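Participant: Residues in the sequence shown are numbered consecutively from 1, following UniProt numbering.
These are computed hints drawn from the structure, not numbers from a lab. The reader is advised that the hints may include incorrect statements.
Computed beta-carbon distance windows for the label pairs [said to hold, decoys possible]: (1) Glu58 / Glu35: 54 to 62 Å; (2) Glu16 / Glu40: 33 to 41 Å; (3) Glu21 / Glu59: 54 to 62 Å; (4) Glu21 / Glu52: 42 to 50 Å; (5) Glu39 / Glu72: 45 to 53 Å; (6) Gln11 / Glu35: 32 to 40 Å; (7) Glu7 / Glu45: 51 to 59 Å; (8) Glu42 / Glu8: 49 to 57 Å; (9) Glu19 / Glu58: 39 to 47 Å; (10) Gln50 / Gln77: 37 to 45 Å.
Please read all numbers here as calculations on a predicted model, not as lab measurements. Backbone N, C-alpha and C fix where the C-beta goes; we use that ideal spot for every residue, glycine too.
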Amino acid sequence: MTLWCEEEEEQEEEEEQEEEEEQEEQEEEEEQEEEEEQEEEEEQEEEEEQEEEEEQQEEEEQQEEEQEEEEEEYKHQQTYWFL
Numbered sequence: 001m002t003l004w005c006e007e008e009e010e011q012e013e014e015e016e017q018e019e020e021e022e023q024e025e026q027e028e029e030e031e032q033e034e035e036e037e038q039e040e041e042e043e044q045e046e047e048e049e050q051e052e053e054e055e056q057q058e059e060e061e062q063q064e065e066e067q068e069e070e071e072e073e074y075k076h077q078q079t080y081w082f083l
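I would like the entire structure built from these sequences, with the hints used as guidance.
Facilitator: Shown next as structure tokens:
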């Protein structure tokens, strides 16, 4: 093999290695982006769940209040009936 051939072969190997490294870096970046997206989605889901729970709790409290009012009204009416 001539010196020129060896140099060319070395250069090709270096270029291949560089390409591989670039590809690896790109894959890592993509993986990281995917992870970040997934984390964001999970956070959003958690927030939505929390909001739903809060809404449900508010609804329940409102229903309890209404029931208490109805009971009070009923008692009030009962009192009138007895009078």
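Participant: Which numbered hints does this structure break?
Facilitator: 1 and 9
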